[in-house]
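Residues per chain, in single letters:
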Amino acid sequence: MKAALIGLGSVGRGVAEMIAQKKPGITLTGIADSKSGRICNEGIDIAAVLETKRTSGFCGDTAISAHDVITNADYDVLIEVTPTNALTGEPALGYIRAALLRKKHIVTSNKGPIALAYKELSALAKKNGVALRYEATVGGAIPIMHTLEDGLCGNEIVAVRGVLNGTCNYILTRMAAEGLTYEQALMEAREMGYAEADPTYDVKGIDAAIKLVILANTIWGNGTKLDDVDVTGIDLLTPDALRLAENGDCTIRLIAEAIPAKKILRVSPRLIAKDHSLVIEGSLNAITLETDMAKEITLIGKGAGSVETASAIIGDILYIRDHYDRRA
Amino acid sequence: MKLEMKDSPGQLVAALKPISDVGGNIIAVIHHREPDSDTHTLNVQIVLALPEGRLDKLVTLLKEQGVHIQRIGKERLLYKRTVILIGHLMHTDLSDTVDRIDSTGFAEVCEISMSMPAINERSTSRVTLKATNRVDMESALAVLRKVSAEKSLLLIEPLEETA
Numbered sequence: 001m002k003a004a005l006i007g008l009g010s011v012g013r014g015v016a017e018m019i020a021q022k023k024p025g026i027t028l029t030g031i032a033d034s035k036s037g038r039i040c041n042e043g044i045d046i047a048a049v050l051e052t053k054r055t056s057g058f059c060g061d062t063a064i065s066a067h068d069v070i071t072n073a074d075y076d077v078l079i080e081v082t083p084t085n086a087l088t089g090e091p092a093l094g095y096i097r098a099a100l101l102r103k104k105h106i107v108t109s110n111k112g113p114i115a116l117a118y119k120e121l122s123a124l125a126k127k128n129g130v131a132l133r134y135e136a137t138v139g140g141a142i143p144i145m146h147t148l149e150d151g152l153c154g155n156e157i158v159a160v161r162g163v164l165n166g167t168c169n170y171i172l173t174r175m176a177a178e179g180l181t182y183e184q185a186l187m188e189a190r191e192m193g194y195a196e197a198d199p200t201y202d203v204k205g206i207d208a209a210i211k212l213v214i215l216a217n218t219i220w221g222n223g224t225k226l227d228d229v230d231v232t233g234i235d236l237l238t239p240d241a242l243r244l245a246e247n248g249d250c251t252i253r254l255i256a257e258a259i260p261a262k263k264i265l266r267v268s269p270r271l272i273a274k275d276h277s278l279v280i281e282g283s284l285n286a287i288t289l290e291t292d293m294a295k296e297i298t299l300i301g302k303g304a305g306s307v308e309t310a311s312a313i314i315g316d317i318l319y320i321r322d323h324y325d326r327r328a
Numbered sequence: 001m002k003l004e005m006k007d008s009p010g011q012l013v014a015a016l017k018p019i020s021d022v023g024g025n026i027i028a029v030i031h032h033r034e035p036d037s038d039t040h041t042l043n044v045q046i047v048l049a050l051p052e053g054r055l056d057k058l059v060t061l062l063k064e065q066g067v068h069i070q071r072i073g074k075e076r077l078l079y080k081r082t083v084i085l086i087g088h089l090m091h092t093d094l095s096d097t098v099d100r101i102d103s104t105g106f107a108e109v110c111e112i113s114m115s116m117p118a119i120n121e122r123s124t125s126r127v128t129l130k131a132t133n134r135v136d137m138e139s140a141l142a143v144l145r146k147v148s149a150e151k152s153l154l155l156i157e158p159l160e161e162t163a
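Chains S and W are the protein sequences, given in the same order. For the first sequence, position 43 matches number 43 in this note's numbering, and the numbering has no gaps at all. For the second sequence, position 80 matches number 80 in this note's numbering, and the numbering has no gaps at all.
In case anyone wonders, no lab produced these hints; they're calculated from the structure. Here the structure is a predicted model, which means the values were calculated and not measured. Warning: the hint list may mix true and false statements.
For the chain W half of the interface with chain S, some residues (derived, Cβ under 8 Å), not all of them [claimed, not checked]: (1) Q45; (2) H88; (3) V109; (4) R122; (5) L159.
Chain W stretches covered by chain S per the calculated footprint, using a threshold of three residues with CB under 8 Å from any CB of chain S [to be verified]: (6) 63-74; (7) 110-119.
Where is the CB? At the ideal position from N, CA and C, for every residue including glycine.
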């Protein structure tokens, strides 16, 4: 299977390394970062490219753009792992459209295009007879989309609840365990590499809300938008709140919740019993699906990380290989 | 309620039956038998949940069974939920916040623990509400949501268990 990889940040590097190391039968014919690109239809030497990227900051020729790779390289599947832009979805949205029009499968970890334009993109993929897969957008390594689409496919999903942001979960875990203030716990999360320099999207609950939108659209196809989600972050929580929760054998977690029958679509800090299955420690993620036949299913796993996210992406690529006719 | 009845076979069942007849739900039955009592009566304490307005009917039915009611203790609000409120709770008139719940008639604030770290800093409180049932609790939480939005308080609600 031939693939083009767009984006060489933490996720892109993890994908490239795992393809080189585990040899799952994927050949990279195109690769691009934000400033340069490289096309080699016989197969790129991944180790050499990663080394070039590490020393020079470029993965290829600055005269070749990501768009050139997408429109010119010979590949079956586009691996789109550029950073998320929640407002416009660009440039990823344009990349995905261009590849779909060339009848190429899409595997992406990019939340922006899926949250903003799921309907349009999935229709475009369907029209062109290709797959649009985005397992890595929600819950990192947790195979939530595979679970929904395969294992639970005969079920009606009644409700979804989840801990979808590892940064918030880490902060809340530390505030509860050590009595830290929000500011102290955030600083610690930064030092541990769990929080971005600008943590706004995480701590205000927006990242979790975007993931909830993706889940809701996947499960119910109801055209949910980010604006529909009632969002409250964790940045105003006090250490006293966690202490008072503790007195009642509870704690506080940022929970994303969607229950269409009750018109509930919200991300907010919630009081939750300490022995509840969604009370997980550190930067983990967890998702509970409430269904008509299977009843409750909870999945817990690493919500982020280079290799962990690569697990979801490679899973999607191999799914396409096994479920779609391979074109020459 | 505390009941006194004849200590003979079938009496306890006869006393319990009217409870289900009026749509009540028995939560606990405590059965005392004084070993050295020679009064030939049995004292039974029953904890039960009863739909609104059915108590008089139950009392009548029990009397017809020859059961003597010693005492009825009423606890009207059985459904409890705990929330956390963060913000300027005193400056935004805590007693008004409590009153907005209490004045609904179907729910009330039964417990508050509060922590006020410093003057002019936001305080945090754990507030327990009681309501007659789940639906009324939902309405009470809706009132609290509205009040919190008005007063810029952060309301942390409990996670509901099932959809």
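Query raised in the report: Is the shortest C-beta separation between Q45/W and chain S less than 8 Å?
Result: 28 Å, violated
Query - Restraint check, 8 Å cut-off on beta carbons, for V109/W near chain S - result: V109/W check fails; min Cβ-Cβ to chain S is 15 Å, beyond 8 Å.
Query raised in the report: Against chain S, is L159/W within 8 Å by beta-carbon distance?
Result: 4 Å, holds
Query raised in the report: Taking 8 Å as the C-beta cutoff, is the stated coverage of the region 63-74 of chain W by chain S satisfied by three or more residues?
Result: With 0 residues in contact (Cβ-Cβ under 8 Å with chain S), the coverage given for the region 63-74 of chain W is violated.
Query raised in the report: Measuring from the C-beta of R122/W to each C-beta in chain S, is the shortest one below 8 Å?
Result: Since chain S brings a Cβ to about 6 Å from R122/W, closer than 8 Å, the hint holds.
Query - Per-residue hint verdict: H88/W, partner chain S, C-beta under 8 Å - result: Since chain S brings no Cβ nearer than about 12 Å to H88/W, farther than 8 Å, the hint is violated.
Report task. Go check the region 110-119 of chain W versus chain S for me, would you? Three or more residues, Cβ under 8 Å, otherwise it fails. Result -> Held - the region 110-119 of chain W has 3 residues with a Cβ nearer than 8 Å to chain S, which meets the minimum of three.
In this structure, the hints that do not hold are numbers 1, 2, 3 and 6, in rising order.
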